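Asker: Residue-level listing of the chains:
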Amino acid sequence: MEKQIAMSNFLVALIPLLPLLSFLIIGLNYKKLNKTITGVLASGSVFISFILSVVAYFQVKAGATFEVNLFEWIATEKFVINFSFLIDPLSSLMLLVVTGVGFLIHVYSIGYMKHDEGFNRFFAYMNLFVFSMLILVLGSNYVMMFIGWEGVGLCSYLLIGFWFKNTEYNNAAKKAFIMNRIGDLGFLLGMFLLYVTFGSLDFKTVFSLAASYPVGSTIIVTATLLLFVGAIGKSAQIPLFTWLPDAMAGPTPVSALIHAATMVTAGVYMVARSQAIYVLAPLTMDVIAITGIVTALLAATIAIYQNDIKKVLAYSTVSQLGYMFVGLGVGAFTGAMFHLTTHAFFKALLFLGAGSVIHALSGEQDIRNMGGLRKALPVTFMVFLIATIAISGIPPFAGFFSKDEILVHAFAHNKIIWGLGFFTSLLTAFYMFRLLFLTFSNSFRGTAEQKHHLHESPKVMTIPLMILALLSVIGGFIGIPEVMGGHHALNQFLGRVFTAPAEELGLSHSMEWILIAITVIGAVLMIVFAWLRFGKKNLVPAGDEAARPALAKLFMHKWYFDEIYNTIIVKPLFWLSEFFHKIFDVKIIDGIVNGFGSLAVWAGGRLRYIQTGNIGFYLTAMVLAVVVILFFMLAI
Amino acid sequence: MITLAIIVIPLLVAAGLFFVKDSKAARSIALVSSLVTLILAGVAWCRYLGGNTESLQFSFTWIASLGVNFAAAIDGLSLVVVLLTAVLFPLILLISFKSEYKSSFYALAMLMQSALFGVFTATDGLIFYIFWEMALIPIYFICALWGGENKIRITLKFFIYTTVGSLLMLVGLIYMYLQTPAPHSFSLAALSAVHICPCYQVWVFWALFLAFAVKIPVFPFHTWQPDTYTTAPNAGSMLLAGIMLKMGIYGILRWLIPLTPDVLAVHGSIAMILGVIGLLYGSIIAIMQQEVKRLIAYSSMAHVGLMAAAAFAMNTDAFKGVSIQMISHGVVVVGLFFVADIISRRTGTLQISSLGGIAKVAPRFAIFFMVVMLGAVALPLTSGFVGEFLMLVGLYQFNAWIAAFAGISIILGAVYMFRLYQRAMYGETTAFTKNFEDIKGLELFVAVVLVIMILVLGIYPKIILDIL
Chain A
1 MEKQIAMSNF
11 LVALIPLLPL
21 LSFLIIGLNY
31 KKLNKTITGV
41 LASGSVFISF
51 ILSVVAYFQV
61 KAGATFEVNL
71 FEWIATEKFV
81 INFSFLIDPL
91 SSLMLLVVTG
101 VGFLIHVYSI
111 GYMKHDEGFN
121 RFFAYMNLFV
131 FSMLILVLGS
141 NYVMMFIGWE
151 GVGLCSYLLI
161 GFWFKNTEYN
171 NAAKKAFIMN
181 RIGDLGFLLG
191 MFLLYVTFGS
201 LDFKTVFSLA
211 ASYPVGSTII
221 VTATLLLFVG
231 AIGKSAQIPL
241 FTWLPDAMAG
251 PTPVSALIHA
261 ATMVTAGVYM
271 VARSQAIYVL
281 APLTMDVIAI
291 TGIVTALLAA
301 TIAIYQNDIK
311 KVLAYSTVSQ
321 LGYMFVGLGV
331 GAFTGAMFHL
341 TTHAFFKALL
351 FLGAGSVIHA
361 LSGEQDIRNM
371 GGLRKALPVT
381 FMVFLIATIA
391 ISGIPPFAGF
401 FSKDEILVHA
411 FAHNKIIWGL
421 GFFTSLLTAF
431 YMFRLLFLTF
441 SNSFRGTAEQ
451 KHHLHESPKV
461 MTIPLMILAL
471 LSVIGGFIGI
481 PEVMGGHHAL
491 NQFLGRVFTA
501 PAEELGLSHS
511 MEWILIAITV
521 IGAVLMIVFA
531 WLRFGKKNLV
541 PAGDEAARPA
551 LAKLFMHKWY
561 FDEIYNTIIV
571 KPLFWLSEFF
581 HKIFDVKIID
591 GIVNGFGSLA
601 VWAGGRLRYI
611 QTGNIGFYLT
621 AMVLAVVVIL
631 FFMLAI
Chain B
1 MITLAIIVIP
11 LLVAAGLFFV
21 KDSKAARSIA
31 LVSSLVTLIL
41 AGVAWCRYLG
51 GNTESLQFSF
61 TWIASLGVNF
71 AAAIDGLSLV
81 VVLLTAVLFP
91 LILLISFKSE
101 YKSSFYALAM
111 LMQSALFGVF
121 TATDGLIFYI
131 FWEMALIPIY
141 FICALWGGEN
151 KIRITLKFFI
161 YTTVGSLLML
171 VGLIYMYLQT
181 PAPHSFSLAA
191 LSAVHICPCY
201 QVWVFWALFL
211 AFAVKIPVFP
221 FHTWQPDTYT
231 TAPNAGSMLL
241 AGIMLKMGIY
251 GILRWLIPLT
261 PDVLAVHGSI
271 AMILGVIGLL
281 YGSIIAIMQQ
291 EVKRLIAYSS
301 MAHVGLMAAA
311 AFAMNTDAFK
321 GVSIQMISHG
331 VVVVGLFFVA
341 DIISRRTGTL
351 QISSLGGIAK
361 VAPRFAIFFM
371 VVMLGAVALP
381 LTSGFVGEFL
391 MLVGLYQFNA
401 WIAAFAGISI
411 ILGAVYMFRL
421 YQRAMYGETT
431 AFTKNFEDIK
441 GLELFVAVVL
451 VIMILVLGIY
461 PKIILDIL
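So the sequences go chain by chain: A and B.
In this text, residue positions in the first sequence follow my numbering: the first is 1, and each later residue adds one.
In this text, residue positions in the second sequence follow my numbering: the first is 1, and each later residue adds one.
Next comes chain A alone, as it looks inside the complex (with noise of 0.2 Å):
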């Protein structure tokens, strides 16, 4: 017995460690190895660590705990930070999630990026983002999840800067890290916070101490506080979300993986995992909720004007993951975690499906010269339409059990709270339906050479867009509700980990019942009335110029946030810039510095007349001052 659990201890520690080895194999070797080896080491590390993650979801499962310490990392007199890893329902979770998902994406990656010189330095980083994502999912204690914070937040960048001979591409790539810190600053000093109440940044260790404070004490809303400006960096909520839509510039795949199924998630992840501590700050929770709200909504209504098919899902996820806060927010932490999942299917599947339109058009992204690709590319099609009916949470897809889960907390809790995020989900259905639309539908609006071009991608890109179809069908089986007879496995299997008593929805059967109707009833509504104006009637969005009525404008400028951002910070920021250098520095402190330089030199050529050579005078200027001499000590 003691023998298989040591066992297991390594294989833990191998499922992080597989995609390092392979990351160091490829980058060491990156001109050496050719397409093909690299592209089976990459994901075929990943999928070894799958497999060892459904091992280890299965002994969770079954009761089991995994506490792996590695070694001691940073230690002081007063603390000690291991680098240890934990396994429990929650990471376990997370586990399936990143390599099963990561897996595939690095599976279709080798079709898509089968042309790209870079080949092998992009699988390269796609394995170091897997392995600083498992290190983030797996850290038992805050600072290890801090490396994979900011381990994924690299890789970002790297991705996101890909092709880094375009310039607009690195401002994306730049502007994501800068934003990330702007978040990592906050969980820094909510770390600081915890380590100095509570001697420690164990998990275990911090949970187990706070539940002796009282709900609502000033350290802890404070230190939640702290740490949820770190998940609103790095999920990309109001105010930090700029940078997603931007990241964009990446190759689609890393905006699948990367910017919308894994690493964007890693804030709801966080607050789930310090749930102990978040129940205790209802100040916290109700902030959670409500930047949930707003950035699920104004993201909403920035969709609906897009035309870049990857804007339009940036969007769509910065609004997902909105959703995932009100679910935090609103104590539904199972319904959060539930929905991170289901999410992960359906909007990786939408950007690879996205990558395939944009791959067989030879780049193209604007949805205003696409149109009637359903022929053209018929499994693209149903996968992608099996997507967008998932996210719009039309049941049984996948999407629908975990929004609806969300929205029925949401409205146990607060009445508003769920208006917003039903209209929302109207809008959602409308602009995903819109995108469906005019991509697939109707004729083809782009050039004659585009349209000789036109096909299907191959197996390796097609298979692992099937697989995820599949699961957003039947993804949301993990969480039927009791309201409809299920037994919601997930509730069990996370129940473990949420241990806060679940608050009491005292929600009627037939009132969820009502709810659920309402929902569905709207998307249905959109999609029809979505359908009318795309695909009845064909009607092409206007050139980015044309006059629009105010509303319209504000939601194609995204609210002017990267406008206002520009004048309020990165401009004066840049002037304070120069003026410390030009003139503070340079002019006042220095001149002060060789003002003293002058003023010896000046002192030294007025003294040096002084020095005349006349007796006389040295003999008086010595008399002089000795008369001065005595004339003081007699004074004294």
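Keep in mind that the hints were calculated from the coordinates and are not lab data.
In this text the structure is predicted, and so the values were computed from the model without any measurement.
By construction, the Cβ of each residue, glycine as well, lies at the ideal position given by its N, Cα and C atoms.
This list has only true hints and no planted wrong ones.
From the derived model, a few chain A residues whose C-beta atoms are all more than 10 Å from chain B:
#1 Lys311
#2 Gly372
#3 Ile394
#4 Ile516
#5 Ala517
#6 Ile521
Simulated coverage check for chain A against chain B, where a stretch passes if three residues somewhere in it have a Cβ under 8 Å from a Cβ of chain B:
#7 69 to 78
#8 191 to 201
Place chain B on chain A using the hints.
Answerer: Structure of chain B alone, referenced to chain A:
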């Protein structure tokens, strides 16, 4: 005896090298000497870990009537900076092989190493002061002889500025010496045992602090630094930023804090605030710099500002953070100047606007620069993170707001570093960079050593933390 050996060997080598004409022979001798001291430092490390600290100290009577002893010892704090000096010297010498230095350069470098070891081990105040001044002379000549534009004027300013600071320190030390019970003594133990009225301690505090502040440099005593770093030959910049400025940090920890314990609460906080101001000020200025070395200079000023601030936090977390950051900053800043060295030698320019696209033509160099940059922005699992994390945690325990302000630098650091990296390495190649040759041979070797140090210290910092 090891302690004496690491001071004397470079000194003797330096003396000998002044008579060697052949620069090739001179540099080989210097390299061998620096490797010998590296091994000796390693032995000292083993002995220290083995608890054999007796053998790491010595004391000879020098001027009996004044109570001055030639005394030195290696303890944990000393060991950290001794190791840093011992490790960086061979690397800096190897890097300098690429430039055509005369043999006198190597003699000066060895002289400087001897002085640095003296500063980092001296347990007698006067000896400390003598080595302190002795370290300044070789670096003055290195900068003045092999520097760039305006080298004489800029180097002279640096020399006068730091000397003025040092003289204040000498006054402070002599004052403390006179307070020791007769027969007076300059030993660290005796000086720390003196209890004088805080009203006088304040003066001693500021006298010593100014000396250290100029050297580090702490805002607003920093204006010699950007010009000097920019003008100095690359090896000089590395010696200055990599090792020499640690004299100031070390001085604070070793001499200033023990000598003026009663005024630290108030005046230490003022110094701490100056450190944090310098941290943010340097970071902000670095953002818009147009020249690589000047940008590194301001970024270095920012980093050492944090170290100076954390030195006054007076808790073990901050102390360990400062100590490990001394090594990390040394390695990282030498890495950055090495990057500047490689770029300037290949392209003949360090204007950021003239650069671009290097990652495409020199991928190995791109990886090296990336790792060094990540160390500079303190990404976890690089050496920079451990130090900054512990320093910020330490500052937070002292005062949460100071830590929060200091923490802003992790954002600003990313801004200027990623800007530099992007402008230099990404985008299209320019006329200057299109024939950029990737690093290989000796350069690659040094780069790999630096990368390994940055990663090992980041992943397993215990090797250093355990000696503190």
